[in-house]
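A.B. asks: Mind assembling these two chains? They're in different frames, but the hints should get you there.
First to last, the sequence lines map onto chains A and B. Here the first sequence is numbered in the numbering used here, starting from 115 and rising by one per residue. Here the second sequence is numbered in the numbering used here, starting from 54 and rising by one per residue.
It should be emphasised that the hints constitute simulated quantities derived from the structure, not laboratory data. Each hint should be verified, as a subset may be incorrect.
Once the Cα atoms are required to be at most 30 Å apart in a straight line, the calculated DSS-like pairs of lysine-lysine come out as [to be verified]:
1. 64/B / 247/A
2. 229/A / 64/B
3. 332/B / 195/A
4. 341/A / 146/A
5. 60/B / 194/A
Pulled from the structure, derived: some chain A residues nowhere near chain B, Cβ distances all over 10 Å [unchecked claim]:
6. 232
7. 364
8. 382
9. 404
One-sided excerpt, in silico: chain A residues whose CB lies under 8 Å from chain B [stated by the list, open to error]:
10. 165
11. 187
12. 190
13. 193
14. 194
15. 200
16. 208
17. 213
18. 221
The beta carbon of each residue, even a glycine, is placed where N, CA and C say it ideally should be.
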Amino acid sequence: MSPGTLAVKVRGLSKLFGDFTAVDAIDLSIKKGEIFGFLGPNGAGKSTTIKMLCGLLLPTSGNGTVNGLDIMKESEEIKKKIGYMSQKFSLYDDLSVEQNIDFFSGIYGVSQTKKIERKEWALDMAGLLDRRKTVTRDLPGGFKQRLALGCAILHAPPLVFLDEPTSGVDPISRRNFWNLINEMSKAGTTVFVTTHYMDEADYCNRLALIYRGRVIAEGTPNDLKQKYMTSYVLEIETDRVVEAMETLNRSGIETAIFGSLLHATVDNMEKAMPRIREVLGEAGIRTERVERIVPSLEDVFVSLIEAA
Amino acid sequence: MKLVRIKAIAKKEFIQIWRDPLSLAMAFLMPVMLLFIFGYAITLDVNNLKTVIHDLDRSSLSRELIAGISASGYFKIVDYVTDQKDLDRYLDSGKALAAIAIPADFSESMARGRDVQLQVIVDGSDSNTATIGLGYISAAVEKFSRKVSRGKGQQLIDPRIRVWYNPELKSRVFIIPGLIAVIMAVIAALLTSLTIAREWERGTMEQLIATPIKAHELILGKLLPYFTIGFIDIILSVLLALFLFNVPLKGNIFLLMILSGIFLFGGLSLGILISTVAKSQLVASQISMVVTFLPAFLLSGFMYAISNMPAALQFITHIIPARYFVTILKGIFLKGSTLNLLITETVLLAIFGLIVFGMANMKFKKRIA
Ligand SMILES: Nc1ncnc2c1ncn2[C@@H]1O[C@H](COP(=O)(O)OP(=O)(O)OP(=O)(O)O)[C@@H](O)[C@H]1O
Ligand SMILES: [Mg+2]
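Chain B extracted, bound-state conformation (with noise of 0.2 Å):
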């Protein structure tokens, strides 16, 4: 291994990334851009949403409850109705997206212990919304009631949807980390997928080939300055989740910087590997594409929760590193996880990049066919 070879590699490497507004752009605007993108689209919070109340009660009880769904800062209630025709007729017309009726023995109910039941009605045209009201709702109602039984133990209002690690129910903030984990599954593998293949597109791996040059020398140079980039792209990303989703971070900075790296590594490299497959760019960032997004995106468990998943499923999200990333990244942003629980995770990306690594120094051959 010849030091002055790998320098020259990323030397070279730096200036045309420097020289090109494209390159540039994709490498530090894109990743930027997605997470700001995806951080307001595939938010799943709720804000304000527009709420009708039927209180048939009228007790100070369930006017305490009123006020907690609506300090809650989730809803905002637009009327009281006396009528059960004029709260179904503010879902119709969509002037409320959610109703909560309150039946006539709820503070009578809870005053003797005995199960209660409250009516919510949530507009499902928009499922996502719904679900989230649902949500949202079951934890004000279960505040509540732990409130009112005053910890006796007594569940009178058992809430549907659990949320875990984020007692506040900010979705933005539990899907922010987890999403740096795609978007940087998808950019590294992109980043060095082109570089090579536009090599061979130029035509200047013929001569590149034709050098003394070796596989992993060439590999190694060209790592380096993406690695720098995708390095970059990380505190940038960071930065953001911080300043403006306000994801607070729990867990040590350094630790994150450390696994982020070990996760570039095996990204950066994957993207080699596919461009030694693949000798367009076109083709290059249609399969880097296809192997990084969608199994990054369902089978991560950052859209979906892997305990779900069908058995054959689950197993595939094994060999899935962006699966260990996303893992890495919310238990040191939401529960402030150390090295200690999440050792399992760091030596299987270890492993993925060591595995890819040398693959794709197997496969680059200095050879034109």
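The shape of chain A in the complex, shown without the other chains (with noise of 0.2 Å):
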């Protein structure tokens, strides 16, 4: 693929902080246009992914571009193209959404003439066309983060991060949220987002899971599911879910909660099937339900964790 397509091509990226290696040798493409999922649990090293693209931290090896830009020597021409929005809410909580707006536009240089066109269509990305004079530390979390976004894209640029953008917000705002990521990148602009919701995986074009610093899987959500899921998914409703996945794992089937059902992982479903009601029965579970079902991204990530 020609360097000209691309908005992000890094090689062997790595971050340590001491001798702990957060970030590990990583390599990444990401296709100008695209949503690209950078998904992965608690501490995997996102944010520090993250912070390395966009030229806040100076990764400790490894090379790559940014919209075709060094990302070690050219970090501040980087900073006039990309938009960013940290994991931590990090506009001014004292001032009001406006003031927001317009010291943003005023750091990215937004022309006189576009700064007015600009902040009426954040406001109204935002959902704050009538609460523009609110103090910001007073708008509701789902409310906040569009600010944020917004605040973030002032400039229009060419490729955005967004930093778990949906974490701890409500379901709603999160659905919110995905679709102005869909509509940006509908008109033409690059995503990069992480996440931590195995659910919002399905949103994204392309996906990449890290673990431990390592990028461990990437494709689009269906190549993960069929290449990845070579084993089979069962899900299994019984009365006692608590005690049916301790009595299964204890009996060697790999099994794990999904609400309020069980989803095991097998090689072998014309052993697994009757084995499953076996050892449940012995226990003096009752099983309602065992079937074979398509795998959620969710089964697929769980099962590359334990297998990582």
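C.D. replies: Here it is in structure tokens:
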């Protein structure tokens, strides 16, 4: 792939804090215009990676480009053409909605002619047209996140980095936020987004799963489901979920709780189905239902992380 | 350099200060309060020092001396005693803090032009008052002897303490200009050191350093509002000095303002430099206190004369900007100094400011680690 079509291309990117390796020689290629999801559990190295790409952290080793600019040498140039929304809410709490927008508009050097238009656009996008004078501190979480996004892209950058934009926000606001991301992507913006909500992975065009500083899987959501899910996932409905899980795990069948149900990952479905009923029956647990299901991405990641 | 960015930072900073009662109080109330408290606390003034007189001479000349001392206003004569024992009793009981004994041959010796020994006793338990009391007595006696010898050039009584540029011995007048310099040195660094540390603490700096803003734009934008505040503080301090403490302003007020501006630039930049090292408000304020308060207080020539310090300390005083500002403010207030006389201090302050500003720019990294 020619570098001209890539928004991000890095090789062997690593970050060490002392002798702790937070990010371990990862490679990433992100095409222009795509929504790239960067998934991983807490402490996996998502934020550290994003900060290196945005020029906030100097990589310990590795090389590559963001918007065609060298991440080691041209970080200040990179900052002109990206939007960054940090994991921690980082607008000014004590400024009003409008004052925050005006501030970042000034910092990004948005021209006088575009300033008003961009402000109205951001207010509209965040759903804050009639709350422009509200002090940011008093906004509900979902609005804050959308305002933060608005402020980060006032200068209409071709590439945005969003670090867990939906964490700690209610499900409806999360859905709204992903709609915004989709719209941005349709308008041609490349979106690099991290999350630890596995169910958000399906919104992305492509994904990378990072675990303990290493990328352990990469591809489109469908790729991942097919490629990494060679085993079968069985869904089990019982009356006592926790006990059932413990019993099955003890007898060598890997299960995990999904809501009120159990998911078991097995290699041989024909043998496993009667065995599950047998084991549970011996323990006096009633089995309502055992059936094969299409694995969700969450199943894929659970099995990948267990294997890693 | 983009002016819009500097403007955006400055405006944001103004709004934040304006919205935060604590910042407002620190910006405007703190210097005024410090000046008020220290102005009264450290003041070396002694008024109505209770004094007993033991006049063995009982001549018109001795009465004239007593009248002179009494007229100075610093002493309140509580009694005339005829016995040394009574004099001791007054001092022991604390009913008098000073005693003056005039020898029996006082007028005779004066008439013959011989040196006279006055016995002056001061309660030393408050050494500050004692020293000042002695100073006042020497001054009053010297004045008297000058009057009596009528310009014959005969130094009858050698005063031990000389007070320069403050003939009235009003020590508050002498202290206040230097005090303003010391307080402003502390306030300036404190104001700016907190503003950047606060952004690191609240996480807003992370957003800021991800934008294309340049270090000098951020620093200038931060300096601007605090420069305004610092300037208002100086104006307030000068007004207090003039109208509350009755310090005369002999020199030019515009010169005073311009030189104060040069000093502020360095002091505020120092705070920024500190905050590039300290990323928490607590650490930043502690460092700025240590870096500014102690040197400004002890080594600027405000409390202790630099010429009396050991050579090594004297050398160190040269890198303390408060030293030059103390000289400048004292000079303009008390001596009416013009720029020619203060040019060295002015140039050194400007150099200090430029170096610190440059260092702050170099040290401020747009990276987390
Ligand atoms: N400045 C630092 N110094 C030392 N260790 C750090 C530093 N920053 C991050 N780490 C460590 O590096 C690892 C990766 O951190 P990072 O913030 O990148 O994780 P993350 O994937 O973003 O996790 P989360 O979902 O919690 O945000 C963690 O173990 C973290 O403790
Ligand atoms: Mg993170």
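A.B. asks: Decide, hint by hint, whether the structure agrees.
C.D. replies: Status of the hints after comparison with the structure:
| no. | hint | verdict |
| --- | --- | --- |
| 1 | 64/B / 247/A | holds (16 Å) |
| 2 | 229/A / 64/B | holds (16 Å) |
| 3 | 332/B / 195/A | holds (28 Å) |
| 4 | 341/A / 146/A | holds (24 Å) |
| 5 | 60/B / 194/A | holds (18 Å) |
| 6 | 232 | holds (14 Å) |
| 7 | 364 | holds (45 Å) |
| 8 | 382 | holds (50 Å) |
| 9 | 404 | holds (48 Å) |
| 10 | 165 | holds (6 Å) |
| 11 | 187 | violated (13 Å) |
| 12 | 190 | holds (7 Å) |
| 13 | 193 | holds (5 Å) |
| 14 | 194 | holds (4 Å) |
| 15 | 200 | holds (5 Å) |
| 16 | 208 | holds (5 Å) |
| 17 | 213 | holds (6 Å) |
| 18 | 221 | holds (5 Å) |
The structure shown violates just one earlier hint, number 11.
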